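The residues making up each chain are set out below.
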Amino acid sequence: MRRVALGALLSHWKRRPVQLAMLVLGLSLATALWSGVQAINAEARAAYAEAAATLGQDRLARLVPADAAHVDEADFVALRRAGWLVAPVLEGRMRLGGERVTVMGVDPLTAPPQEGLAALDEDDGLAGFTAPPGRGLAAPETAAELADAPLPVEPARGIAPGIVIVDIGIAQRLLDAPGRLSYLQLHPDQPPDRPALSTIAPQLEERPHDDAGELARLTDSFHLNLTAFGFLSFAVGLFIVHSAVGLAFEQRRPVFRTLRALGLPASSLMALLVAELAALALIAGALGVALGYLVAAVLMPGVAATLGGLYGAEIPGSVALRPQWWLSGLAIALAGTLVAAARDLWRTARLPVLAAARPRAWALISERALAAQLGAAAVLALVAVALAQIGGGLVGGFTMLAALLLSAALALPVILYAVLRGAQALARGPVAQWFWADTRQQLPGLSLALMALLLALAANIGVGTMVSSFRLTFTGWLDQRLAAELYVTARSDAEAEAIRDWLAPRADAILPIWYVEGDLAGRPGRVYSVADHATYRDHWPLIDAGARPWERVAAGEGVLVNEQLARAEGLWAGDGTLDLPGGPELPVVGVYSDYGNPQPQVMLGLDAFTRHYPDAPQRQHGVRAPPEAVHDLAAELRAEFDLPDANVTDQAEAKRFSLQIFERTFTVTRALNVLTLGVAGVALLASLVTLSGMRLAQLAPVWAMGLGRARLARLELWRALALAGFTALAALPVGLLLAWVLLAVINVEAFGWRLPLHVFPADWARLGAVALVTGALAAALPALRLARIAPAQLVKVFAHER
Amino acid sequence: MLLEIDGVEKSFGTGDGVLPVLRGVSLGLEAGRSLALTGESGSGKSTLLHLAAGLDQPDSGAIRVQGADIAGLGDAARAALRRDTIGLVFQQFNLIPSLDVGANLAFQARMAGRHDPARIADLAARLGLSDFLRRYPEQLSGGQQQRVAIGRTLAARPALVLADEPTGNLDEATGDAVLDLMLALVAQQGAGLLLVTHSPRLAARCDAQAHLRAGRVA
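Taken in sequence, the protein lines are chains A and B. When we follow this note's numbering, the leftmost residue of the first sequence carries the number 1, and every step to the right adds one. When we follow this note's numbering, the leftmost residue of the second sequence carries the number 1, and every step to the right adds one.
I should point out that these hints are in silico values taken from the structure, not numbers from a laboratory. No experiment lies behind these values; they were computed from the predicted model shown. For each residue, glycine too, the CB sits at the ideal point set by N, CA and C. A hint or two may mislead.
What the hints assert, rightly or not - Computed Cβ-Cβ distance ranges for the label pairs, DEER-style: (1) B:Gln-139 with A:Pro-733: 48 to 56 Å; (2) A:Ala-418 with B:Gln-139: 40 to 48 Å; (3) B:Gln-139 with A:Ala-342: 34 to 42 Å; (4) B:Gln-57 with A:Ala-275: 24 to 32 Å; (5) A:Ala-418 with B:Ala-214: 44 to 52 Å.
Using the sequences and the hints given, assemble the complete structure.
See below:
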């Protein structure tokens, strides 16, 4: 019995392959974008975990300097002599053979056993590793990139990409850090009778092991953003599924009734419908996951570059196939389908067997339903406003976004209904009146697709505004901040001193850009030196400042902090003091914008800096020179000191590099935006194609009264254009609100800086055109079909009338 | 007794209050016999048919099919009764639009587990549908669709056929032919037929008649 009934249910799809294709396509696309983003996130997180596990950070506690920027080698020796089982690690970023990598120096004799160092157990492994020039161990893909490195780098397992493990002595030489260590690893089994840390090395403190890894925490916001966009795309895709499933249920309502009347119990009917949906979801989900893999593979290099540029996080540029990712993709497809079909399943379960045999008036609009929808939209809007008042972190921000978008989507049909009714009232002539009335009648059938289009357009406007505002602010900020004409990095302190001497008679000013790394308000950050020079006073944009900030910084009476640190710790000018690593406690006298940097940063006057951090490397400088002399000066500098090109950068190049990182950062977001708009286009196409089959009964009388097929087809096209155009207009304020939330709430929570909102009307015009083209493309096929329909098909409408 | 309807009452709620449709109707139908149920529009004919089919529940009274009271049965049991014992012919055909004529004809027989291809071929020939087996309902006229609906019911060999205006969409000649066929086939398989009709002419061809007026058997 069930098999026969299932055959009858499934025969619906056989007769409507386009509808089936749209359903599968909608669900596949939704799953693809979602699982593509998840694949990227999973890959990146796996890379972070691998990086965290490379030297056992995920399971070994460590000793770190309480205040200073580094650990002295003497502390290591003292602790070992006192019985502590510790292993030294020196970590630093540098260019090796043209590639930027993280060099990790370890002592193979005291390091805890780990997979990455297994190669050293082989014959001659240890000797080659420790004896100059040394030998590096790296992940196979990193080792392959380092063929030109000054020391041989061999592939090894258990090391994250972008990390090269070398002997500690070799690392100190490569990083020019003699006698320095980054931290000491603690073996898990320490002698119980060892002396207390405070008696041997009171300047060190124990930090527990880090399960997730610093990178995972640092990049959480980035991945949350990606997830949010993936979810938005998924939600837009679900609109298609909801629309297609809803239509299929309505079309089959008489069949459900007949099946029930012919003896199929309601429970069996429900079971069959759920099984049918589950089968469709799994097929479409599998296609979607496969498509998602392609999406991830295309986007992954951009993500890898972004994470590398923004956070120094090395992740592979390719995607691995992980079983849990496949399963989660199928699960989300299944869950999404059931959510999208829940209302229809519920209605079918409650369907009285004696309900009208005719399909329920699917395309009839109920003013009461519209009022209810408007009420729900108002409630959601109030929720968004309340969240804006209360706050609640990143999750609160995204919840506000979701409430805002859903509210706008629910309000759209109500707004369109009112607009179309107004247009009908204003229309002159019977065809125009019929056109607007008929468009209004189509609204319920198209409203889900139009909601999807609204969401996609609003997301495009919102994200586009955010990115463009960011770019405008960022470029202005770069112009101010990269005020020096030339940036020079020496290879050693001695060379830096020689360069300064050489430049002194040739440049207008030499501005040291020296820094130390250390703990700032509990997070790793940097303290920079700042010279007392007009370049800073005139160009550096301060977003908050007390009296005479530059003078006080120059006198060592205060520090400037970046916006991220100010927002995270509530440290604004005059609000408090900041403990500098290994240095004094100084008041905050100003706050500066520092876009693109996720870490806390402090500016300390040059004199105070050299006094507190005499050991800090002094190699990087900004050089002020007449712009027309910069090119020759750079060439002479390179020739004089045999400096590589990368060590002498002019202002334009520095800006180009910064903008390149900026553009990369938003490549993925932009790609997801375009894909979401594509999904919305498919939603509109799906609705128009499926509705076109039901339109004949409405169009045949008008045709019979003298409106030709070609004109009817043109009107169908105009109808889609009108609806897409109205939707684009409605999307504009929603998109701007979205941009405001992104800039004023999400960005501040995720990255720690706030940006001004700029508007870009040319972008809106372009997007409006895209919306119209989307509408026209979606309507083209149904309109073409109508233009070519045989008159006999239209006549049949009257033949079926009883 | 194949079908016993005993003192059945049924009312429906409307915007203006409760509308009594059946007010203590009692009827009986023996196997192998036919009974025409006539009456004005709104007299309760279709409601009574729906109650007899277990599609709805009476407010009071008893309905027994082959001696079993169906009033207290749950959804699954009533569905099983319709599947195994009853054949329904609807006024609006209720064919499955996505199945072709052949599949529609065989559908209820397959649901009931009594599929007999030879019988379906025979029925199709006798109903003049042999040339349309691969067509879909939307490609048929109203009369052809009604013949498919009748064929679908008879192919399942139900003990009780309940037909609601089965010839209402057919011209007189075709209607007569279809009713002839129904009566012959029902008699041939010893089934009972409860026929709802407006037509006194058609009603006269049944073994017995009952006329409903204002919810009562007149």
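Open item on the list: Quick check: does the Cβ-Cβ distance between Ala-418 (chain A) and Ala-214 (chain B) fall within 44 to 52 Å?
Closed with: holds (47 Å)
Task: C-beta pair Gln-139 (chain B), Ala-342 (chain A): status relative to the range 34 to 42 Å that was hinted - done: Given about 35 Å between the Cβ atoms, the range holds.
- [ ] Take a look at whether the Cβ-Cβ distance between Gln-57 (chain B) and Ala-275 (chain A) falls inside 24 to 32 Å.
- [x] Once the Cβ atoms are compared, 29 Å apart, the range 24 to 32 Å for Ala-275 (chain A) and Gln-57 (chain B) holds.
Open item on the list: Quick check: does the Cβ-Cβ distance between Ala-418 (chain A) and Gln-139 (chain B) fall within 40 to 48 Å?
Closed with: holds (42 Å)
Task: Range hint 48 to 56 Å (beta carbons of Gln-139 (chain B) and Pro-733 (chain A)) holds or violated - done: Check passed, 50 Å falls within 48 to 56 Å.
Taken one by one, the earlier hints all hold for this structure without exception.
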